[in-house]
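Work from the hints to combine the two standalone chains into their complex.
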Amino acid sequence: MHVLADANLRLDASPVDYALLAFYFALVLGIGYLARRQVSSSLDFFLSGRSLPAWVTGLAFISANLGAVEVMGMSANGAQYGLPTVHYFWIGAIPAMLFLGIVMMPFYYGSKVRSVPEFMRRRFGKPAHLVNGISFATAQILIAGANLFLLASVVNLLLGWPLWVSIIIAAVIVLSYTALGGLSAAIYNEVLQFFVIVAALLPLTIVGLVKVGGWQGLVDKVTNSPGGPEQLHSWPGDNLTGFGNSFLSVLGLVFGLGFVLSFGYWTTNFVEVQRAMASKSMSAARRTPIIGAFPKMLIPFIVIIPGMIAAVTVTEYIQDKPTLMEGGTAESGVTFNNALLLLMRDLLPNGMLGVAIAGLLASFMAGMAANLSAFNTVFTYDLWQTYIKKDRPDGYYLRFGRIITALGTVAAIGTAFIASNSGNILNYLQDLFSFFNAPLFATFILGMFWKRMTPTAGWVGLVLGTVSAVTVWGLSQAEILGLTGQGISFVAAGVAFVVDIVASVVISLVTTPKPESELAGLVYSLTPKETRTHESTGENAGWYRKPGVLAGIVLVITIGLNILF
Amino acid sequence: MSTESSSRPRSAGAFDIRLIIALLLGVYGLVLTVMGIWFTTDDDLAKAADVNINLWAGIGMLVVTALFVLWAQVRPIIITESPEPTESPETDVSKAE
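Residue numbers (my numbering), protein chains in the order written: chain B, 1 to 565; chain E, 1 to 97.
Hints were generated in silico from the structure; no laboratory data involved.
Worth double-checking, as some hints may not be accurate.
[Stated by the list, open to error] Residues on chain E that point at chain B, a partial pick, calculated with CB under 8 Å: (1) Met35; (2) Lys47; (3) Ala48; (4) Val51; (5) Ala57; (6) Ile59.
[Said to hold, decoys possible] Just so you have them, the derived chain B footprint on chain E, three or more residues with Cβ under 8 Å: (7) 16-22; (8) 69-76.
Think of the CB as a built atom: it goes at the ideal place given N, C-alpha and C, for glycine as much as any other residue.
Only chain E is shown next, with the shape it has when bound in the complex (with noise of 0.2 Å):
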């Protein structure tokens, strides 16, 4: 925790990165499974050395991203601050742990 004097004003703004991170693997993983399941072609497996790394990387993504929801749905962000400004030294916004 900061000790930090903090009468600052702030709007809640606290946004939780694990769910940035879980949308952008999220995305490149279902963009690549899509990929890989429908648009390989024989070209693309053989430079590959014959491995739909587009599927595998995609469903690889996917369970990450699965992992990140999770973690974020079971600790969520605790916004130890009050809504309009308080001397209280405690004020930061806490981020997941």
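Okay, chain B solo, but in the shape it has when bound (with noise of 0.2 Å):
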């Protein structure tokens, strides 16, 4: 637990500074209270009572995802492996978001489930239901705790605080305002935290391009350091895979992130699909992860850059790189999920190292609260209120809701201890999307497309996708298969997703499908075009509200971007 203990991090903070993160904290308290307000039935505390307007939902969509691992994460893969680290973004969510606003939100949003796994339920039956409620509501507390645990890590860097206490305090904060407001308060603290974010980042990364001598100032250094020109082309990405063959590389990266890992985390995640649920129309939840790409397409800029800077310029990295890139402890202490802190620690005055530290600090809270309020729907409508307590009046759920919040904040101060034994993070993460998303992907997928595909299929196709992605996993940890790097999960993520299509399709030609009149508004080919289609007149009129059009021009930007970089 003493990760950052030995590295000279102690950012330089004055009482400005402070009153800077004092008052974001504040305000934090002060949405939870006002959005308070606004619960009065289950449906308003789990789902914001579908009434958001899509740029608030649509910027709550990255936010929510623009936790601690992204931050962190992200500026270490920065650092370690240069521009590649751009395939999290404009490969590895772009396309699935906008897949997700064009063709999958018609089915969560027209047949009005309150969650993914709702929809699993209705569409597969109670055993997938199962599977797929428990392991999220699982996986919603591990992540909630690698975010916690990052948090506290910050804090006690910046006011020297024992991580228990730092992670104690940091979870009892996010409780009260997920507890008090439900969907609605985390998601306004999203939004106000986007804007923290980029407050934050964006002049970090304009000084340390000053700093630099400017884009070109960035290109030779980055040339003449370890890791050299690979890591100014995003493609064909070989150090960020750990291929070693440049075809291979570009084929893991296009269908082992580009198609399973990012098209399940996005697609069925419902962290992020509980966002566009929460939106107030038809027109609005498909234009929420639309509207969410195009920050989306940019936040690259002010996260990875930052890192690759941080590598050639802070001195702890000038002397450790070569030892960090071979996966060795680096003198100083440092490791490359610090770069960003070290980098505000070299260039940052007081008044903007305030600003930038509640807009850490707002991420890491931002990130767990959205794990929180998709864990305690979930968990309240899914398996609580279908399994064990049923039929009861709508205020005992809200009720049930605020109290299992609190618990599951409990756990999660429990799983940051689990995460703290992970060097890098982000491979933690990437290895549990693998195993709880991509199967879930495939199995969704293939059933909203062929009605056919049967209740058992349906359950056991997920079991074995997992249980193939654990075991690739194993074997590679194991050193059996001789992959490093992110590349495993890619793997892992594609064996699950090829393993579930297989056993679904066998499974379901040997066993029953469910009758089609159960089925309308769950299967494409069973749903009338009028209840998948939206209200293009009044407030979702205008070309720059169709979904379409604007997912037309977010895919332009991003092969443009691609060809740039």
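Structural data, given as structure tokens:
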């Protein structure tokens, strides 16, 4: 638990910085208090009463993902691997976000389900639902723990408090606003968080770039650093995947990351989908991930580039980067996860430093709040209401939701200690995603487009897919498969996907499907076109509110960015 | 619009997230601008590669604040709900679009 204890990372914060930080916390808690007044039913608490406009849910959609993992992990990757890290954004997020908005959202929003596992239950029945519900709830607690751990380690740097004290205090703050205001409080804070993060990272990036002598200066410095010019081009990204063969690397990125991992994450992860479900109309729900895609395209510039700048300017990295690249322990005690903090320490004067610290803490708290608000919904609606206490009045589930939020927080504190044992937190989470999301996506996509797919195939496919991902991961950890780097996750996810599809098809052919009458609204061919489309009048009129047009613009810009870098 | 049955009582508690964002960025922008103009030492400047980052970031935040306030003024939240509980399905608090 003393990952950072040895490195000289104490930031030189002044009273002004603390005041700026305190002001942010006051607003965060204020939002929780204000949002509380809007909560009078369980649907208000868990889905914001399906009342939010698209720009709010769109920003929350990416902010929920812009947690500790993204900010610290991606800048760590930037420092370690350089520009190939952009694949996590341009290949690993944008296409899937567009697909969610254009293809899948009509089923999620149109069927009026309250969670992704609930969709699973209506399409495949209870066994698949139970597998999905339990594995999702567990994953959320683990990830919330990872967010909590990172938050605590930053507070540890800043104030020198022991990790366990910071973990508990941070948990209490997150708990108080999520339990008070439910999803609305979480979403509004995510929107606020988005602006604080940009306010923190954009100036840091600009100062960093001035310091290294502009873009050309950065290019020169990175070329001459350990890692070399390979770190300046996004393709083929051999260093990132660890495949050692450009063709396999591109294949791994496109199929493993771009297709299986990313579609699995963005289209079936309830943390994300919940934000779209909270929007006020079908049109707004479809626009949510697409609006989110605009900032998502640009975030790498304020996350990865600071990481790269840190790797070539911070004294500790100049000295220890070769050791770190080989997986050794740096003499100075730094790890790549410290990249952003070290850069802040070196570049920012008091004032901006306070904003930057607020931005980081904001990101960690919002990430954790997102996990908690998805966890409590699935636990309450999908596990408790479906299997344990049915048919209680709505107020009962609202109260239960608040209690389970508190219990989930306690469990996350426990997993914060598990997370602290993994050196590269991103690897740890990528591993989790490949277990939980890749088979889920396979089952969903097959189930949405193939009405013959049976309930038995639904749950058996999920279980076999997850087991095969765990097997690949285990074999790689035991060094039997000879995979390194983040390629392990890509392969594990790919295998899980293929196993799930094959198993589902084979089992479907020998078991009985659900009657077609029960599948309306859930399967493409059995859903009338009217329920899949959205209103395009009034508030939803205008070309700039058409999901298809917006998605086209995003796609063109993304392709442009891939060619440029 | 939600079509959930909503006969739930609501205090007209629509608060505008745009104004909260403006409040945060406005205060931050003000503090940073003041820091940038009056409290920037040569050491600070040397640290940040001779960029007065407090000043520039502060000004940037104030500009964004102004845009949010303007947006909230031009397109205010339309509250479609009535003060007492009704059974109309359109009673959700409509946030700004």
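Structure-based check of all given hints:
1. Met35: Interface hint status for Met35 (chain E): holds (4 Å vs cutoff 8 Å).
2. Lys47: holds (6 Å)
3. Ala48: holds (5 Å)
4. Val51: holds (5 Å)
5. Ala57: holds (4 Å)
6. Ile59: violated (11 Å)
7. 16-22: n = 3 at 8 Å, threshold three: holds.
8. 69-76: Check failed, 0 qualifying residues.
Checked against the numbered hints listed earlier, the structure breaks hints 6 and 8; every other hint is satisfied.
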